[in-house]
Amino acid sequence: MQREDYNVIGKKFNKVEAVEKALGHLKYAGDIYFQNCLYAKVLRSPHAHAIVKRINTSKAEKLKGVKAVITHKDVPKIPTWHNALYVFSAQCFDSFILEEKVRHVGDRVAAVAAVSPEIAEEALELIEVEYQLLSAVFDRIKAMEEDSPTIHDFVWRGSDKVKIKNNILATREIKIGDVEKGFKEADIIVENIYETSRPNNAPLERSVITCCPGPGGSLEVYATTQGVHTLRMSLAGSLGIPLHLINVHRVYLGGSFGAHIHTGFIESICALLALKTQRPVRLEKTRKEIFLSCGRHPETIKLKTGVKKDGTLVAQHMDLTDDTGAYATGAESKMVLGAGDFMSMYQCPNQRFTGRTVYTNTPPLTAMRGAGNPQVHFAVESQMDIIAEQLMVDPIELRLRNLIKIGDKMYGAGHDIFSRINSNGTQELMIKGAEIIGWSRRGEVSNDKSRLRRGIGFARGFHTSGCGSEKPSGFYVEYSGAIVMINIDGSVNLITASVDSGSGGHTVYAGIVAEELGVRFEDVVVSDADTQTAPFDCPTHASRGTYVVGMVSKEAAKKAKEILLKWASEILEEPVNRLQTKEGKVYVVDQPERWTSIEEVVLVGHRNGWGSVIGLANLRPTECAPHFTVAFCEVEVDTQTGKVCVVRYIAGADVGTVINRNGVEGQIVGGVHMGLGYALLEDTKIDETNGEILTTNFTDYKILSPIDMPPVETIIADTFEPTGPFGAKGSGEGVTNPVAPAVCNAVYNAIRVRIKDLPITPEKILKALRKKSPNH
Amino acid sequence: MKRRIELRINGEIYELEVEPRSTLLKVIREILGLTGTKCGCERGECGSCTVLMNGLPVNSCLVLAVEAEGSDILTIEGLSKDGTLHILQKNFVEYGAIQCGFCTPGMIMTAKALLDTNHRPTEEEVRQYIAGNFCRCTGYDKIVKSILSSALEYK
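So the sequence lines, in the order shown, correspond to chains A and B. Counting from 1, one number per residue, gives the positions in the first sequence under this note's numbering. Counting from 777, one number per residue, gives the positions in the second sequence under this note's numbering.
Derived by calculation from the structure, the hints in this document are not laboratory data. Be aware that one or more of the hints could be misleading.
Going by beta-carbon spacing under 8 Å, a handful of chain B positions derived as facing chain A [said to hold, decoys possible]:
(1) 812
(2) 818
(3) 821
(4) 824
(5) 848
(6) 852
(7) 857
(8) 861
(9) 868
(10) 872
(11) 874
(12) 876
(13) 881
(14) 906
(15) 910
(16) 915
Heads up, simulated DSBU-like pairs for lysine-lysine below, C-alpha to C-alpha not over 35 Å straight-line [to be verified]:
(17) 778/B <-> 64/A
(18) 866/B <-> 12/A
(19) 866/B <-> 27/A
(20) 585/A <-> 866/B
(21) 12/A <-> 802/B
(22) 802/B <-> 142/A
(23) 471/A <-> 921/B
(24) 866/B <-> 582/A
(25) 11/A <-> 866/B
(26) 866/B <-> 558/A
(27) 27/A <-> 857/B
(28) 432/A <-> 802/B
(29) 921/B <-> 73/A
(30) 288/A <-> 802/B
(31) 585/A <-> 558/A
(32) 59/A <-> 778/B
(33) 866/B <-> 432/A
Residues on chain B that point at chain A, a partial pick, calculated with CB under 10 Å [stated by the list, open to error]:
(34) 864
(35) 866
(36) 878
Since this is a predicted model, take the numbers as computed values, not measurements. For each residue, glycine too, the CB sits at the ideal point set by N, CA and C.
Chain A with its partners taken away, still in its complex shape (with noise of 0.2 Å):
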């Protein structure tokens, strides 16, 4: 299967809803306002570890103004649903909607609904609380202790009851081949510990819910949401109530990178003041609450390589410990996708990863841009820069030996979901890459003993694209559904639940519907979407946009020119295989003069009483292809100050085929703003001595501004995945994975220290630089 000339695909058009945007029309989530609305505030726990052991909400009750206050004596006795992304039984339940006993600073102690914001902080004040203090542990080793404080006792996976452990929700333990045997026949092994940090998601949009009751007990939600149907699923599941009562309105979101995926606290929350109070009930994070409520898992990675003089990779052992904060909202996830990333970074006959992931009392983790993929990249990239030293072969060469192949057994998200890979382009772009960035400058360096110094760094990585495999994943759901309708203008309607949070994947979809129909871009439209009237979509993640709901949307389309076809063979008086569509017309095959519009076909069948011309497809990929990426960073470290400026920056990326070229870019170029932001900035400080996030503002959280990006020239590989829709791959989260471990690379080439903790800032590159040499 080959790439072919298309009509659409791969031309210039802009996203379906930019004009809206740009015009500031659009509504999100937060900008859509009812009448005779109230405006929930949760009060939340100022320790760490602690039980409610009284709590009087009277006071707050009579405040003017005030229509409900809830604690955890009226939640449904239900463990709230976190996230209905995955199976049942791998789904982690360990919250109540409310909690009697509160697990980090800024837990849900209570929550009241007002008739303004203001009154509702007010009462927030009025509730009493009687906290009987627990002892707290927000180390993740000192976590798994034997004598550390309790987090858990007990959680439910599935309707499973699972007792915990030392604060272990769960381990894997992942043998291929036979590492003790390889280790003995490894000229040189390399040990090393990597430690990550806890950067947040951040996207600029604040998460609101809005849940307005109507008759019969139902329920109308709007939601910053990534599933609107698996929001659905979690709020029947949390309340005890029927799905069907629900109905879950799909908006654009303003940024989200995996912090709405999970939907057990503030969710949950709003639906139930909503019924307890029969009007609509707004809840709106504020940007504290975010930072309390979503970010990166924070790892200790422990990884044994053993290599070949000539470079081969002969065994490796990655030990994780993962922290997924106060309560698991994806289970062992990020743990397990590590895992998965860990043994297809490269070919290596004899693998084992030993890992866990462990409560602590800090503030829930989340996915995050690579979902653990990013923190083993770190690890991995940089151990492989330090065997190439070692091994005195250049980094790139070191790759080239041990590079995964097309044919080759592809671990995507997590160990038991695999496919086999049919387009890599990472040769291609290392190569390329190379050449730009001037990477036989790198040995230069090692002289220079001026104040500021140069370096050049390389990493690669990949992600998959959504979580397919040859048999369901035990974890993950992973199928879509979508349809496709040619309206009597000759218009065309996808209807598709899936969530664009600003990927673009709305206009993916629409260009490959317009692309399969053969009618222009702009003849499409995404329809509005709900719960009651799209089919099931999972939240959009793992990059699975383009490469499966942009699949589905092909097969759609591809049923509905199917009944398209039959009645242009009628009214053409040609079989249907003799004729083809284009810009809005069918035409007979060798005789193009033989022609009529799409729009007069279903004009004819309007008149006739054929019925509509809509095409449904349901999708389970079995493949999750993933894309493969590169980063070439060029930083200049400041020996004085510490600080690490990025010069200049090559993105290189496998997608495929490029469905929207702007689009692609845009996700490259963000990606690495978040891998840079990952590698040198963003980090969520925690007070180690009672539990208190420091950093819940814009002003103590950076991220970098407009002045500290480099310039990003990205390179697109000229690859074809057979599995995707023409030849299409993901893209969203494979660009960001090899940011950080490219950035320390460059950083070692430029003053000979390795930081093997992130983030990388100036305090550790000092002190690193005077322990070299004291008198630095």
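Place chain B on chain A using the hints.
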């Protein structure tokens, strides 16, 4: 205790009763229904609430509505005339500078203020000027490109 004030927004005069503590942002969004201006942080740190006040960009979450009386306020809704996109809006769309779009209104208003006073900014000047407008999606490069391109076509 509400106060009667008169606000001039996008060329129109509005007579309103507002609480003295209400921010200009809150009044624009919730009383006037102009939800194009966003509220990202409530503290003047992210720039998503940027409007122009007498031609200068301000964080409307830090301006009291009562303070804004007597000034000319321009929001994103006031930028396009008769359905025609302002050059900045047109270029943001065409350059792919809009991903999630949440920073877009504030970013465009800031850019307008820049181009109104500096017709040929350098790239560095653009980056400095928009540094108070956060974007989490784009990494800024297409935003900068569309502003520089707009400068060339600016009237």
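Numbers of unmet hints, in rising order: 5, 7, 21, 22, 23, 28 and 29
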